[in-house]
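> Read off the chains here:
Protein chains: 2
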Amino acid sequence: MQKSSIPSTMMQVPISLNHFLERAGTYHGKTEIVSRLPDKSLHRHTYADFHRRAKALAEVLVKAGIQPGDRVATLMWNHYAHLECYFGIPAAGAVMHNLNLRLFPHDIAFIVNHAKDRFLLVDDVLLPLLAQFAKDVNFERIIVVPLTGQPVPAPYEDYEKFIGAATGDFHYVELDENAPCGMCYTSGTTGNPKGVVYSHRSTVLHSLVAALPGGISISGGDVVVPVVPMFHANAWGLPFIATFMGAKQVFPGPHLDSESLLDLYQRERVTVTGGVPTIWLSLLQTLRTNPGKYDLVPGMRMLVGGSAAPETLFRGFDEFGLVVGTAWGMTETSPLGTVSALKPWMQALPKDQQYAYRIKQGMAAPLVDIRLVGDEGEVPWDGKSVGEIQVRGPWITGSYHEMPVSEANFTTDGWLRTGDVGTIDPEGFLQLTDRTKDLIKSGGEWISSVDLENNLMGHPAVLEAAVIAVPHPRWAERPLAVVVLRPGHSASADELREHLAKTYAKWQLPDAFEFVKEIPRTSTGKFLKTKLREMYKDWKWEQE
Amino acid sequence: MQKSSIPSTMMQVPISLNHFLERAGTYHGKTEIVSRLPDKSLHRHTYADFHRRAKALAEVLVKAGIQPGDRVATLMWNHYAHLECYFGIPAAGAVMHNLNLRLFPHDIAFIVNHAKDRFLLVDDVLLPLLAQFAKDVNFERIIVVPLTGQPVPAPYEDYEKFIGAATGDFHYVELDENAPCGMCYTSGTTGNPKGVVYSHRSTVLHSLVAALPGGISISGGDVVVPVVPMFHANAWGLPFIATFMGAKQVFPGPHLDSESLLDLYQRERVTVTGGVPTIWLSLLQTLRTNPGKYDLVPGMRMLVGGSAAPETLFRGFDEFGLVVGTAWGMTETSPLGTVSALKPWMQALPKDQQYAYRIKQGMAAPLVDIRLVGDEGEVPWDGKSVGEIQVRGPWITGSYHEMPVSEANFTTDGWLRTGDVGTIDPEGFLQLTDRTKDLIKSGGEWISSVDLENNLMGHPAVLEAAVIAVPHPRWAERPLAVVVLRPGHSASADELREHLAKTYAKWQLPDAFEFVKEIPRTSTGKFLKTKLREMYKDWKWEQE
Numbered sequence: 105m106q107k108s109s110i111p112s113t114m115m116q117v118p119i120s121l122n123h124f125l126e127r128a129g130t131y132h133g134k135t136e137i138v139s140r141l142p143d144k145s146l147h148r149h150t151y152a153d154f155h156r157r158a159k160a161l162a163e164v165l166v167k168a169g170i171q172p173g174d175r176v177a178t179l180m181w182n183h184y185a186h187l188e189c190y191f192g193i194p195a196a197g198a199v200m201h202n203l204n205l206r207l208f209p210h211d212i213a214f215i216v217n218h219a220k221d222r223f224l225l226v227d228d229v230l231l232p233l234l235a236q237f238a239k240d241v242n243f244e245r246i247i248v249v250p251l252t253g254q255p256v257p258a259p260y261e262d263y264e265k266f267i268g269a270a271t272g273d274f275h276y277v278e279l280d281e282n283a284p285c286g287m288c289y290t291s292g293t294t295g296n297p298k299g300v301v302y303s304h305r306s307t308v309l310h311s312l313v314a315a316l317p318g319g320i321s322i323s324g325g326d327v328v329v330p331v332v333p334m335f336h337a338n339a340w341g342l343p344f345i346a347t348f349m350g351a352k353q354v355f356p357g358p359h360l361d362s363e364s365l366l367d368l369y370q371r372e373r374v375t376v377t378g379g380v381p382t383i384w385l386s387l388l389q390t391l392r393t394n395p396g397k398y399d400l401v402p403g404m405r406m407l408v409g410g411s412a413a414p415e416t417l418f419r420g421f422d423e424f425g426l427v428v429g430t431a432w433g434m435t436e437t438s439p440l441g442t443v444s445a446l447k448p449w450m451q452a453l454p455k456d457q458q459y460a461y462r463i464k465q466g467m468a469a470p471l472v473d474i475r476l477v478g479d480e481g482e483v484p485w486d487g488k489s490v491g492e493i494q495v496r497g498p499w500i501t502g503s504y505h506e507m508p509v510s511e512a513n514f515t516t517d518g519w520l521r522t523g524d525v526g527t528i529d530p531e532g533f534l535q536l537t538d539r540t541k542d543l544i545k546s547g548g549e550w551i552s553s554v555d556l557e558n559n560l561m562g563h564p565a566v567l568e569a570a571v572i573a574v575p576h577p578r579w580a581e582r583p584l585a586v587v588v589l590r591p592g593h594s595a596s597a598d599e600l601r602e603h604l605a606k607t608y609a610k611w612q613l614p615d616a617f618e619f620v621k622e623i624p625r626t627s628t629g630k631f632l633k634t635k636l637r638e639m640y641k642d643w644k645w646e647q648e
Numbered sequence: 105m106q107k108s109s110i111p112s113t114m115m116q117v118p119i120s121l122n123h124f125l126e127r128a129g130t131y132h133g134k135t136e137i138v139s140r141l142p143d144k145s146l147h148r149h150t151y152a153d154f155h156r157r158a159k160a161l162a163e164v165l166v167k168a169g170i171q172p173g174d175r176v177a178t179l180m181w182n183h184y185a186h187l188e189c190y191f192g193i194p195a196a197g198a199v200m201h202n203l204n205l206r207l208f209p210h211d212i213a214f215i216v217n218h219a220k221d222r223f224l225l226v227d228d229v230l231l232p233l234l235a236q237f238a239k240d241v242n243f244e245r246i247i248v249v250p251l252t253g254q255p256v257p258a259p260y261e262d263y264e265k266f267i268g269a270a271t272g273d274f275h276y277v278e279l280d281e282n283a284p285c286g287m288c289y290t291s292g293t294t295g296n297p298k299g300v301v302y303s304h305r306s307t308v309l310h311s312l313v314a315a316l317p318g319g320i321s322i323s324g325g326d327v328v329v330p331v332v333p334m335f336h337a338n339a340w341g342l343p344f345i346a347t348f349m350g351a352k353q354v355f356p357g358p359h360l361d362s363e364s365l366l367d368l369y370q371r372e373r374v375t376v377t378g379g380v381p382t383i384w385l386s387l388l389q390t391l392r393t394n395p396g397k398y399d400l401v402p403g404m405r406m407l408v409g410g411s412a413a414p415e416t417l418f419r420g421f422d423e424f425g426l427v428v429g430t431a432w433g434m435t436e437t438s439p440l441g442t443v444s445a446l447k448p449w450m451q452a453l454p455k456d457q458q459y460a461y462r463i464k465q466g467m468a469a470p471l472v473d474i475r476l477v478g479d480e481g482e483v484p485w486d487g488k489s490v491g492e493i494q495v496r497g498p499w500i501t502g503s504y505h506e507m508p509v510s511e512a513n514f515t516t517d518g519w520l521r522t523g524d525v526g527t528i529d530p531e532g533f534l535q536l537t538d539r540t541k542d543l544i545k546s547g548g549e550w551i552s553s554v555d556l557e558n559n560l561m562g563h564p565a566v567l568e569a570a571v572i573a574v575p576h577p578r579w580a581e582r583p584l585a586v587v588v589l590r591p592g593h594s595a596s597a598d599e600l601r602e603h604l605a606k607t608y609a610k611w612q613l614p615d616a617f618e619f620v621k622e623i624p625r626t627s628t629g630k631f632l633k634t635k636l637r638e639m640y641k642d643w644k645w646e647q648e
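For the protein sequence lines, the chains are A and B, in the order given.
Heads up: the first sequence runs through residues 105 to 648, numbered per my numbering.
Heads up: the second sequence runs through residues 105 to 648, numbered per my numbering.
It is possible that some hints are incorrect.
Put simply, identical chains are the same to the list, so a pair is met inside one copy or across any two.
[Said to hold, decoys possible] Derived DSS-like pairs (lysine-lysine); straight-line CA-CA distance at most 27 Å:
id : residue 1 : residue 2
1  : Lys134    : Lys488
2  : Lys488    : Lys610
3  : Lys455    : Lys134
4  : Lys134    : Lys447
5  : Lys488    : Lys447
6  : Lys220    : Lys265
7  : Lys167    : Lys265
Derived by calculation from the structure, the hints in this document are not laboratory data.
Could you put together the complete structure from these sequences and hints?
Here it is, written out as structure tokens:
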């Protein structure tokens with residue numbers, strides 16, 4: 105009997121974004137894409153329009169000399185033209201490079217030059233931002249999306265005229281599925297930003313898995329609003345996922361305030377939305393102060409990511425019939441690393457026990473492997489042992505663009521060191537505690553700042569709270585809580601300390617509470633702890 | 105500005121069944137797997153058991169000398185041990201080769217020898233079948249699953265003892281995602297059976313896409329019963345899909361009669377099941393003759409495939425609150441080619457118009473490209489023009505095992521010629537009309553036998569109907585209807601002809617009606633039209 109292996113007879117067909125662009129035009133042509141413009145009016149068109157215009161963009165980019173693998177940058181809010189770039193730039197064989205408009209201008213310039221972006225597509229309302237770094241970069245062409253309807257000022261080109269030159273004579277570039285299709289830079293708070301380059305393969309696999317039931321779960325019947333910016337980890341992939349599934353997409357443009365978002369949710373019958381905890385905290389506040397004002401789709405799912413969200417957020421939205429679901433990831437992970445979805449048997453648990461699982465970041469997404477590593481190697485999944493979260497999978501970065509692979513970021517056996525820290529329970533649910541650098545080391549013991557924050561935000565008088573480590577002569581570090589009170593509420597440091605003392609040991613409690621008007625934020629709305637640490641680095645403790 | 109392309113920074117991690125076997129054990133250990141045994145009792149265990157036993161099978165196969173790519177055959181009904189083979193044989197690096205127990209023994213022997221199967225795993229209740237072809241094949245080892253609990257007769261080995269020898273010392277084979285993991289032979293009615301070899305890549309992509317909302321749509325909360333045999337196109341992938349998603353699986357074993365199935369659905373609270381139209385027709389009959397007897401999960405989804413199903417089937421189950429959904433594919437397509445799911449706007453249509461879409465085979469699955477080709481090239485998607493269905497995609501076969509690629513089966517530009525014929529409407533919904541060889545060519549015009557059959561089965565007195573082409577001296581071919589009447593009903597040929605005449609032109613009507621007790625079936629329960637054509641090939645028409 106012959107023992108040789110045999111080849112599979114399956115076709116070798118690359119998986120690519122182009123397939124889904126064609127699919128959107130072929131099967132979902134009637135589905136709407138709605139965008140809030142800078143003047144707050146709504147721009148409406150369909151997947152048929154999107155399909156035609158994205159291919160027109162691809163055609164004129166190729167005719168303008170864009171070669172396979174060239175980088176084409178976008179500097180845009182969330183809207184229809186940005187979606188056209190999401191598919192049109194890769195359809196030209198090029199790499200769509202989102203620029204984060206909330207970075208400092210000199211950081212944007214660094215990123216543009218590091219990525220060697222050739223063209224820029226930019227919103228007209230962002231030209232003042234471009235002006236702040238234009239002299240430090242050298243785009244060959246700058247194409248402006250006329251969102252305001254005003255004439256595009258020279259020497260810039262009008263996006264509508266640019267794609268209007270297309271004749272329909274376009275053929276997709278034959279590609280390897282590992283060819284690059286997009287890139288994002290991390291907004292790392294230490295060192296220079298680092299580039300992550302996605303491939304057609306990684307983006308397709310990520311989108312398919314994210315759409316699955318029990319994941320983010322998007323069907324053609326959903327109406328999806330990415331509040332998370334399209335320049336931030338591709339808005340968690342939501343524009344890709346929604347397009348793949350043919351779901352109606354609604355973009356908030358530059359209007360991310362609670363009133364604008366709630367108006368959009370109500371008007372467009374939104375069923376799924378995604379954003380960071382701070383946006384949702386503010387939205388919940390608006391719902392509470394305007395009882396009965398908004399008529400939202402019952403059961404609208406609100407995906408939260410970016411950092412661990414307090415249980416009060418889940419409970420708060422439950423009162424309004426809105427369902428918060430959490431996930432974990434980062435630019436390096438495309439970004440879906442884990443998603444929290446109750447297992448069937450958990451749905452029979454009492455509600456309070458359900459919250460204990462719902463607030464966790466959940467199970468690794470299919471195709472992603474996860475492990476927790478401590479000083480002594482892998483730590484057990486017992487819900488208590490803390491370790492650094494390490495991941496591997498087909499949409500996890502294995503290096504950074506044009507940087508040597510460093511052991512600070514990747515293990516020798518090829519896993520990504522995420523820098524996030526957490527526990528995994530026996531059910532496989534990850535719970536994020538902190539970034540490694542957000543852990544507070546007091547007298548040799550670790551204190552989780554995120555835990556303390558979430559507990560503080562459970563106090564009725566507290567709107568927002570950030571806890572940071574501040575150097576301490578005796579204990580190395582001690583926690584300091586920075587607190588924003590709700591309008592019309594008051595609470596003393598002693599009250600808050602007592603509130604925490606119900607849950608935490610005395611040595612874990614913050615030694616000081618600072619009451620402030622607002623907490624500085626990162627470009628993506630997370631608490632900017634580096635800034636806080638800088639602000640309080642010379643703090644004088646009362647008892648040293 | 106440098107114009108060179110850049111590499112993606114994504115990890116190169118192969119997608120493989122092994123990941124999902126580990127996932128099943130890690131995250132879904134408590135979920136049940138239930139199997140109906142030959143004595144009708146229920147065997148119950150969990151994904152934790154499945155995970156342990158499938159890996160044990162992999163370990164002992166490797167220790168028994170199975171090399172990567174070797175073929176290991178199964179001859180089994182649908183049950184827990186077959187599921188263990190689905191994952192355990194590929195985990196050993198080998199190729200799981202399902203043998204179709206409904207083929208003629210000499211065909212099975214041909215297939216075993218052509219595939220060069222080394223080992224056989226076989227149900228004890230199927231040993232009498234094995235005896236019918238054992239002398240024509242040469243398995244190195246034969247391992248018997250003791251489903252009845254009786255001692256396994258010498259010289260065969262007991263499956264439980266075989267996997268019981270595992271020590272836990274097992275490491276997955278490093279693999280290329282294009283490595284083969286399984287194979288099926290087509291039960292082609294012309295020529296020898298042809299082998300299709302699936303890869304880890306094709307199986308993973310197929311399963312992920314099939315699980316999507318709007319597709320077969322399986323979540324971890326579903327309870328899935330594959331009635332379609334696991335030896336037939338991998339039970340449409342249902343065991344893979346359910347395992348990937350962590351859904352409870354329920355296997356009917358050898359008991360595919362309506363009463364046994366309905367009992368299983370009721371007992372195990374089944375939410376999704378899949379089978380061919382003839383099985384569902386019989387099940388509907390049983391529901392009707394036993395009103396109120398069965399308490400099924402409302403909205404249970406009944407996937408139908410294998411051939412076009414009559415509208416009466418959809419309407420009939422709707423009366424019982426059960427939802428029939430249709431799909432199209434074949435062994436060569438893994439098998440998902442198209443799935444019918446109403447688009448969101450279709451759900452607002454009047455119910456009758458919804459049926460018009462629901463009975464169609466639907467849109468190409470994501471990652472599958474489809475086209476219709478007639479004598480003059482591609483035909484338009486107008487819902488009327490008929491052409492051969494051609495497909496391409498990462499889970500479509502591009503050749504047959506150890507056969508030269510023939511233009512009869514594959515186009516020169518690399519698409520599979522399916523031999524099925526249909527129309528595609530402007531919404532992209534495929535409607536199957538016939539196998540090319542089931543079309544009736546009368547006086548230069550095509551008549552669809554499937555259309556006529558479905559219309560006939562809409563007549564209250566008709567249980568089953570098959571329409572075939574019979575040679576005719578004047579018209580080349582004319583349609584003959586072979587009809588099984590419902591018990592207790594009667595209808596004459598003239599009545600049936602009048603029923604059809606409401607819908608069809610006179611030249612399209614069958615010229616004769618033959619009333620029979622049963623229609624011969626293929627191994628998978630489809631009407632065996634080759635047999636019928638053989639039976640009626642010498643038919644004498646009344647008016648020639």
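> Decide, hint by hint, whether the structure agrees.
Hint-by-hint comparison with the structure:
1. Lys134 with Lys488: between (50 Å within a copy, 21 Å between copies)
2. Lys488 with Lys610: Close inside one copy (19 Å), not across copies (77 Å); limit 27 Å.
3. Lys455 with Lys134: between (40 Å within a copy, 21 Å between copies)
4. Lys134 with Lys447: Intra 35 Å, inter 10 Å, cutoff 27 Å: inter-copy only.
5. Lys488 with Lys447: within (20 Å within a copy, 46 Å between copies)
6. Lys220 with Lys265: Within one copy only: 25 Å inside, 63 Å across.
7. Lys167 with Lys265: Cα proximity of Lys167 and Lys265: one copy only (14 Å, versus 67 Å across).
Taken one by one, the earlier hints all hold for this structure without exception.
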